[in-house]
Structures are given as structure tokens and as C-alpha cells.
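> Model the full structure from these sequences, guided by the hints.
Chains A and B are the protein sequences, given in the same order. Mapped onto numbering that gives the first Met the number 0, the consecutive letters of the first sequence carry residue numbers 0 to 361. Mapped onto numbering that gives the first Met the number 0, the consecutive letters of the second sequence carry residue numbers 0 to 300.
Everything labelled a hint here was simulated from the structure, so no lab data went into it. Worth double-checking, as some hints may not be accurate.
Here are the computed distance ranges between Cβ atoms for each label pair [unchecked claim]: (1) A:G28 / B:L279: 53 to 63 Å; (2) B:I34 / A:D165: 53 to 63 Å; (3) A:G357 / B:T136: 35 to 45 Å.
Note that the Cβ used here is the ideal one computed from N, Cα and C, for glycine as well.
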Amino acid sequence: MTRVEIRGLKKSFGAVEALRGVNLEVESGALVALLGPTGAGKTTLLKCIAGVEEPDAGDILFDGQSVLRTPAWRRDVAMFFQTYALYPHMSVYDNIAYPLRERKWSRQDIDRSVKAVAEKLRIAHLLDRKDPSTLSGGEMQRVALARTLVRNPKVFLLDEPISNLDAKLREEMRTEFKRLHRELKQTIIYATPDFLEAFAVAEKVAVIKDGVILQYDTPMNLLRRPKNRFVATFIGSPTINIMRGVIRRVAHGWEFSTTGLKIQLSNIGASSKLLDGSEVELAVRPQDIVLEASKNGNAFKAKILAAERLGYETIVTLSLGEVELKAVTKGMRSYKYGDEVTINIPGDRVILFDVSSGEAMY
Amino acid sequence: MANHRNNRRGRHKVVKTVLIYLFTIIAVIFFIFPIYWLVATSLKTRAQAFSTPPLFVWEPTFRNFIDIFLKRQTEIEAITGQELELATGAETFFYNSFVVTFSSIIIATVIGVFAAYSFSRYKPAGTNTLMFFILSTRMLPAIVVAIPIYFFYRSLGLYNTYIGLILLYTMFNLPFAVWMMKSFFDEVPRDIEQAALVDGSNPVKVFYKIALPQVLVGLGATIGFLIINVWNEFLFALLLTERATRTVPVMIAGTRGEVGINWGLIAAIETLYILPALVLIFVLQRFLLRGMTFGTVRGAK
Numbered sequence: 000m001t002r003v004e005i006r007g008l009k010k011s012f013g014a015v016e017a018l019r020g021v022n023l024e025v026e027s028g029a030l031v032a033l034l035g036p037t038g039a040g041k042t043t044l045l046k047c048i049a050g051v052e053e054p055d056a057g058d059i060l061f062d063g064q065s066v067l068r069t070p071a072w073r074r075d076v077a078m079f080f081q082t083y084a085l086y087p088h089m090s091v092y093d094n095i096a097y098p099l100r101e102r103k104w105s106r107q108d109i110d111r112s113v114k115a116v117a118e119k120l121r122i123a124h125l126l127d128r129k130d131p132s133t134l135s136g137g138e139m140q141r142v143a144l145a146r147t148l149v150r151n152p153k154v155f156l157l158d159e160p161i162s163n164l165d166a167k168l169r170e171e172m173r174t175e176f177k178r179l180h181r182e183l184k185q186t187i188i189y190a191t192p193d194f195l196e197a198f199a200v201a202e203k204v205a206v207i208k209d210g211v212i213l214q215y216d217t218p219m220n221l222l223r224r225p226k227n228r229f230v231a232t233f234i235g236s237p238t239i240n241i242m243r244g245v246i247r248r249v250a251h252g253w254e255f256s257t258t259g260l261k262i263q264l265s266n267i268g269a270s271s272k273l274l275d276g277s278e279v280e281l282a283v284r285p286q287d288i289v290l291e292a293s294k295n296g297n298a299f300k301a302k303i304l305a306a307e308r309l310g311y312e313t314i315v316t317l318s319l320g321e322v323e324l325k326a327v328t329k330g331m332r333s334y335k336y337g338d339e340v341t342i343n344i345p346g347d348r349v350i351l352f353d354v355s356s357g358e359a360m361y
Numbered sequence: 000m001a002n003h004r005n006n007r008r009g010r011h012k013v014v015k016t017v018l019i020y021l022f023t024i025i026a027v028i029f030f031i032f033p034i035y036w037l038v039a040t041s042l043k044t045r046a047q048a049f050s051t052p053p054l055f056v057w058e059p060t061f062r063n064f065i066d067i068f069l070k071r072q073t074e075i076e077a078i079t080g081q082e083l084e085l086a087t088g089a090e091t092f093f094y095n096s097f098v099v100t101f102s103s104i105i106i107a108t109v110i111g112v113f114a115a116y117s118f119s120r121y122k123p124a125g126t127n128t129l130m131f132f133i134l135s136t137r138m139l140p141a142i143v144v145a146i147p148i149y150f151f152y153r154s155l156g157l158y159n160t161y162i163g164l165i166l167l168y169t170m171f172n173l174p175f176a177v178w179m180m181k182s183f184f185d186e187v188p189r190d191i192e193q194a195a196l197v198d199g200s201n202p203v204k205v206f207y208k209i210a211l212p213q214v215l216v217g218l219g220a221t222i223g224f225l226i227i228n229v230w231n232e233f234l235f236a237l238l239l240t241e242r243a244t245r246t247v248p249v250m251i252a253g254t255r256g257e258v259g260i261n262w263g264l265i266a267a268i269e270t271l272y273i274l275p276a277l278v279l280i281f282v283l284q285r286f287l288l289r290g291m292t293f294g295t296v297r298g299a300k
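Right, here's the structure in full:
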């Protein structure tokens with residue numbers, strides 16, 4: 000078990016700044032997800048931790064000790080590469096055995112470990128395959144995963160380990176990772192562009208974009224209290240609804256108004272530093288919009304534009320005058336284009352963002 | 000109806016296949032014929048070689064092949080009474096060609112592979128300039144540098160030595176070795192090497208356990224190319240050698256018979272001389288056909 004600390008890490012490739020001062024603390028034995036879009040710097044960060052890329056500035060510490068001077072081959076880290084990086088000239092067995100052979104394990108120990116991990120990842124039948132390039136994408140991914148998991152390093156770095164599997168296997172693997180983490184009790188950093196995957200496997204998620212960590216928090220906080228507009232829109236599906244308007248102080252609290260819409264905000268404290276009459280963006284999750292009349296003040300008449308029926312839930316696109324919103328409702332509901340419904344926007348579930356900076360205002 | 004259409008399509012396919020084979024056979028004959036003629040001439044007597052119309056059926060003789068190695072120069076000089084440079088005792092020249100080719104190839108390949116890998120992986124400052132500089136040594140026509148090198152070698156005592164030729168050919172081949180091998184190393188995905196680093200291999204091990212096996216096909220092609228370069232080189236070998244270090248191409252050019260040019264004899268030497276090259280090409284062809292396996296990497300590069 001190793002505690003990983005990253006301090007002010009910077010890395011540029013020519014004119015491209017891949018990491019612009021990353022700070023991150025991963026508790027010993029924790030499973031942390033690194034969540035961000037393509038090109039956010041996830042892979043570069045993992046490669047810096049693994050030691051195959053050298054950061055320009057900053058420090059990486061394992062249990063309080065800087066490892067920058069420890070070369071990759073002595074850093075005792077296992078990494079799953081997004082590109083699999085299988086050794087094309089070696090059999091599946093030799094690929095998985097490679098890290099153990101490099102550590103001079105005995106033949107029996109290697110054989111036992113390779114077979115055990117292959118069993119676990121259900122690739123035991125592939126061990127004799129000579130040429131890894133003849134494997135299917137999912138098989139390659141599991142072989143690469145086996146090569147990563149076959150030993151017991153200080154830290155596991157997984158770069159999009161299940162993104163190329165089909166939906167069914169991906170679901171299984173998510174559970175598998177949770178189980179694995181429980182059994183190994185190892186520090187794992189898990190990079191993924193899929194927030195559902197991040198939420199499913201990790202206790203804490205670091206949202207990274209343009210080489211900076213925007214928010215490092217629990218899934219619940221990321222969902223409910225995003226620090227800025229990007230985090231709010233990147234997390235959640237369908238994407239959070241955002242409306243631009245003006246806030247005003249009214250008799251009991253604050254009110255948001257945009258063309259033909261006035262929403263009472265009940266979650267803004269008296270201590271808030273909001274400016275009366277300032278322009279803001281209001282965000283509300285599609286799951287929070289209620290498609291029923293209720294006694295709450297924020298009820299509106301809306302027209303159905305489209306309904307996507309997904310089985311257990313239905314995604315509804317609504318029109319409120321000039322504003323278009325998406326809402327999610329339970330069950331298979333059959334709405335038709337043009338249907339009129341009453342919706343409710345709960346005033347305690349909205350998030351306000353500063354228009355210019357995109358920062359959340361609580 | 001459907002049957003009829005199938006038939007027509009089937010016939011169309013047969014015609015296409017026949018045409019492709021016909022074309023291939025013609026092309027092969029076109030390229031093979033000179034080699035056939037060379038071998039055929041080597042198996043003819045002098046009279047047969049000059050016969051018009053050319054002989055296509057004759058009783059082959061191995062006299063020429065025997066003559067190459069067995070006739071002693073002194074004997075012939077004694078008979079003819081004049082000093083002749085003859086294709087006798089050819090084993091010396093073949094030996095010279097082998098020594099020069101293999102030594103220079105080994106040196107050029109080893110240096111070239113290491114240089115190429117360094118340029119490809121570590122990109123030292125000024126890589127592009129250096130790579131251009133390396134290539135620029137081959138930009139002058141050989142004949143332009145021939146005379147300076149001749150005087151240079153004379154004054155350094157490298158004239159008519161193995162080491163002189165080997166150094167020169169190594170220098171000739173290095174740019175090709177570096178450029179070719181660099182392009183092969185460039186195609187090895189970095190992630191594979193990085194994975195090996197993380198898996199516990201130091202950079203030296205990564206080089207020979209991971210990178211080198213990936214470029215074996217390219218290495219084979221490069222070596223083949225370099226060997227042909229040196230094996231066939233004539234100009235510098237002519238200028239910088241005398242009998243002791245003379246290579247086969249120079250010897251062929253200097254070969255005459257007792258009376259006039261003995262084409263049968265020359266053909267016999269050439270036949271023996273192209274034999275290693277043919278074997279080499281055959282071996283490397285199987286090597287090259289195996290193709291490159293970069294399929295283990297997700298997505299296109």
C-alpha cells in the first residue's frame with residue numbers, strides 16, 4: 000500500500016502543455032478515478048507517475064519519498080496502456096510472464112501467477128496463442144490487463160482499461176475492479192473518459208481538463224456541488240440543462256429570471272455574495288425536473304418536443320417558450336410531440352454559475 | 000437465368016486469372032532471360048558462345064568453371080610469352096570480395112542500428128541537421144571524390160589494403176543503414192517500449208528484448224541492401240586495389256582470354272559471383288514477405 004502525492008506537476012510536449020500544475024493526493028490503498036475528456040492529460044499524468052515521461056516541474060512522492068530520481072524499471076509500478084502495448088513478438092503467455100521474468104521470479108512462481116491471473120480474466124484458453132495481433136480487441140485488452148495485474152506493485156495505473164470492451168463485459172469488469180481492489184487493497188489510479196465508469200469504480204474522482212485538476216471529490220459532490228460549469232456539464236447524462244438569465248433579490252430569497260421564466264431559488268443562503276441583478280447561468284439536472292404538477296412554486300407549462308424511451312426511464316425534451324430543457328422521468332412514458340405537461344423545477348436543486356468565469360456560486 | 004449469369008461471371012474470372020498469369024510469366028521471362036543467358040554462356044565453349052544463330056541446345060561444358068580456378072597464370076604466360084592478367088586463381092578475388100563485404104556490412108550495420116535507435120528514440124539536439132549531414136555524404140557523385148580519396152589513401156598507406164576498402168565501404172553504407180533503420184525504429188510504437196520499462200526492463204534490455212525484435216524484418220532488408228551495395232561496387236575497388244586485395248567486379252573487367260575475350264570464362268565468373276546475391280535475395284524475400292506486425296496496437300497511427 001502506497002500513498003501517492005503529486006505536487007505542481009508540469010509537462011509540455013513542444014508548445015503543447017499537457018500538464019499545467021497538477022496537484023493530487025491519493026490515499027494509500029484508495030481507488031481514485033481520473034476523469035476527463037480526450038487530451039485532458041490523463042495519459043501524460045499516468046506516464047509521469049510510472050516514470051516513462053519526465054515531468055518538467057513538480058514532484059511525485061510515494062509514501063512521502065520523491066520518486067523522480069527512481070527510473071521506471073525500479074519504481075515498482077504496474078501500468079495498463081490505453082494502446083495495450085502488447086509485445087508483438089511474444090506469445091500471450093510470455094507477454095503476461097514478462098514483468099515477472101524481468102524480476103527474476105522462479106519458473107514455478109511465474110507459471111502459477113500467470114495461470115491464476117489468466118483464469119481470473121478468463122483468458123486461460125489464449126495463453127498458448129503465439130501472435131497477440133491475431134486476438135480480438137477485447138482479448139488484447141484482457142491480456143494487457145493480465146500483464147498489469149500479474150504482479151503486486153506499489154501502485155496500479157490503469158489507462159482506460161475497459162473502454163474498448165463491449166457493454167456487457169465492461170459492466171462485468173467494473174464489478175471485477177471493485178472486487179480486485181477489495182482483495183488487493185492496492186493503490187489504484189484509474190483513468191477514464193466515462194463518468195459512469197469513474198463513479199462505479201472509484202470512491203473519489205479527480206476531474207481533469209487541459210492539464211489541470213478541476214475538482215477532486217466524491218461522486219455525489221461532483222454531481223451535486225460541481226465547482227464549475229465544465230464539471231457540471233461533463234458529468235451526468237443527459238447533459239445538465241443550462242439557462243442564462245438574471246438573478247434578483249426578492250421578498251424571501253432570490254429569483255432567477257429569463258425570457259418567460261421565473262424560478263425561485265431556495266438553496267441560496269443569506270450569506271451568499273451574489274449581486275442583485277447580475278447575469279448568471281442556472282443549471283438543473285434533467286433527473287431533478289419533475290414532470291408533474293406539485294405544490295412547489297416553480298411549476299411551468301411545457302410542450303413535449305421529443306421523448307426517448309429507454310426502458311426504465313424516458314428522456315423528454317421540453318420547450319418552455321424560448322427555453323429548451325431535457326428531463327428524465329421514470330418508466331416508459333408515451334408522450335407525443337406537442338403534448339402539454341406541467342413541470343416542476345425544484346428551487347433547491349439548481350446550481351448557479353458565473354457567466355464569465357464559469358465558476359459555481361453557492 | 001441466375002445460373003447463366005453465374006456461368007458468365009465464372010468464365011470472366013477464368014479469363015482474368017489466365018491473363019494475370021500470362022502477364023506475370025512474360026514479366027518474369029523478361030527479367031530472368033539475361034541471367035539465363037549468362038548461365039548458358041558459362042556452359043558453352045568459346046565457339047558455341049559465338050555461334051550465329053545462338054545455340055539453344057548444346058552439350059554443356061564445365062571447362063570454364065574449371066579454368067577459373069585451376070589455370071595458373073604463370074603457365075599461360077609461359078605459353079603465350081606475354082604478361083597477361085588472367086582470371087585464374089579466382090578464389091583469391093572471391094575471398095577478397097567476401098572479406099571486404101562482410102566486414103564492412105557488420106561494422107555499418109552495428110553502428111547504423113545503434114545510431115538509428117538513438118536518433119529515433121532520444122532525438123538528440125539537432126537530430127534533423129545531423130540526419131541530413133549523414134545523408135549529404137552520399138550526395139556527391141562517387142567519381143568526384145574518387146581522386147581525392149585515391150591520393151588520400153596513398154599517403155595514409157590505406158591503398159591496396161583490406162582495411163582501406165572496408166573503411167570506405169562502411170562509410171558508404173552508414174548513411175543508408177542509419178536512414179533505413181531509423182524509419183523502421185520510428186514505426187515501433189513508443190508505448191510498447193514504455194510498457195517494458197514499467198515492467199522492469201532497463202533501457203538496454205528494452206533495446207534488445209523489445210525494440211530490436213520488432214525491426215528484424217527491416218534489419219534483414221537493410222542488410223540485404225547494404226550487401227548488394229558493396230558486393231557490386233566497382234569504381235573504388237578498381238582505384239584502390241591491386242592484385243592482393245582486388246575484388247571480383249574489378250577482376251571481371253580485367254579478364255581476357257589467351258586470344259581475345261573469352262566470354263565463356265567471364266560468364267562463368269559472373270555466374271559464380273551472382274550466386275550469393277541470388278541466394279541472399281531468395282532468403283530475404285521470404286523474410287520480407289512475412290510482413291510487419293504492428294497489429295497489436297489499437298487504432299491507426
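> Sort out which numbered hints this structure fails and list those numbers smallest first.
3
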